[in-house]
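Residues per chain are reported as follows:
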Amino acid sequence: QQQVKQSPQSLIVQKGGIPIINCAYENTAFDYFPWYQQFPGKGPALLIAIRPDVSEKKEGRFTISFNKSAKQFSLHIMDSQPGDSATYFCAATFTGGGNKLTFGTGTQLKVEL
Amino acid sequence: DTAVSQTPKYLVTQMGNDKSIKCEQNLGHDTMYWYKQDSKKFLKIMFSYNNKELIINETVPNRFSPKSPDKAHLNLHINSLELGDSAVYFCASSHAGSSTDTQYFGPGTRLTVL
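Protein chains in written order, with the working numbering: chain A, 1 to 113; chain B, 1001 to 1114.
Hints may be right or wrong, so weigh each one.
So the derived label-pair ranges between C-beta atoms look like this [unchecked claim]:
{"#": "1", "chain 1": "B", "residue 1": "Thr1013", "chain 2": "A", "residue 2": "Lys68", "range": "45 to 53 Å"}
{"#": "2", "chain 1": "B", "residue 1": "Lys1009", "chain 2": "A", "residue 2": "Lys58", "range": "45 to 53 Å"}
{"#": "3", "chain 1": "B", "residue 1": "Val1012", "chain 2": "A", "residue 2": "Lys57", "range": "24 to 32 Å"}
DSBU-like cross-link-like pairs, simulated, lysine-lysine; straight-line CA separation at most 30 Å [as the list claims (entries may be wrong)]:
{"#": "4", "chain 1": "B", "residue 1": "Lys1019", "chain 2": "A", "residue 2": "Lys58"}
{"#": "5", "chain 1": "A", "residue 1": "Lys5", "chain 2": "B", "residue 2": "Lys1019"}
{"#": "6", "chain 1": "A", "residue 1": "Lys5", "chain 2": "B", "residue 2": "Lys1041"}
{"#": "7", "chain 1": "A", "residue 1": "Lys110", "chain 2": "B", "residue 2": "Lys1036"}
{"#": "8", "chain 1": "A", "residue 1": "Lys15", "chain 2": "A", "residue 2": "Lys58"}
{"#": "9", "chain 1": "B", "residue 1": "Lys1071", "chain 2": "A", "residue 2": "Lys71"}
{"#": "10", "chain 1": "A", "residue 1": "Lys42", "chain 2": "A", "residue 2": "Lys15"}
Simulated from the structure, these hints should not be mistaken for laboratory data. No residue lacks a Cβ here, since even glycine has one placed at the ideal position from N, Cα and C.
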């Protein structure tokens, strides 16, 4: 059972576009939602994270929108650049869970010139 | 300085062999993890250790055995390797085991079982 569902699987946008990656979760115990960025041949790295008591969080060009009632959250990348081309993973964890990250299935983003 | 390092980066071996992957972190973290990333890039946690104590042990075949000689090291030993074990294995570490502690991942070890 996939506890965190992520879409789309892949995404191609033009430079300057705003790719949006969506995630949905089922376990209401989840209380922390990080996004990880992975470049080819590298390990994932934390990009931005949000708690469910906040509806939006912005860090630079990256914004997370969170809808607690719908159990959905999304990543927006403003003014996307070719250097943003990577695989993006949403994840979820919960207090007392030993920091066990449950990952979404990943979105491969390509930003074209 | 590499924060989380893994050796080897690539590992090619025959079915039935036993192999180990080593992980070291120099961040002073108390908690370390092993993840498996399959051919579809799906990431799944396998184990976590906090200060040498096993905290998370997911449904992983007992052919996989983690070993933590000290809190800076977490090695993964795999017995009787099978074709389905082919994947990229990532080690990670975090300050503690709190849900908000950032996990720092190593560069991965690509295991290919022939």
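Evaluated hints:
no., hint, verdict
1, B:Thr1013 x A:Lys68: 45 to 53 Å, "holds (47 Å)"
2, B:Lys1009 x A:Lys58: 45 to 53 Å, "violated (36 Å)"
3, B:Val1012 x A:Lys57: 24 to 32 Å, "violated (42 Å)"
4, B:Lys1019 x A:Lys58, "violated (43 Å)"
5, A:Lys5 x B:Lys1019, "violated (33 Å)"
6, A:Lys5 x B:Lys1041, "holds (14 Å)"
7, A:Lys110 x B:Lys1036, "holds (24 Å)"
8, A:Lys15 x A:Lys58, "holds (20 Å)"
9, B:Lys1071 x A:Lys71, "violated (36 Å)"
10, A:Lys42 x A:Lys15, "holds (23 Å)"
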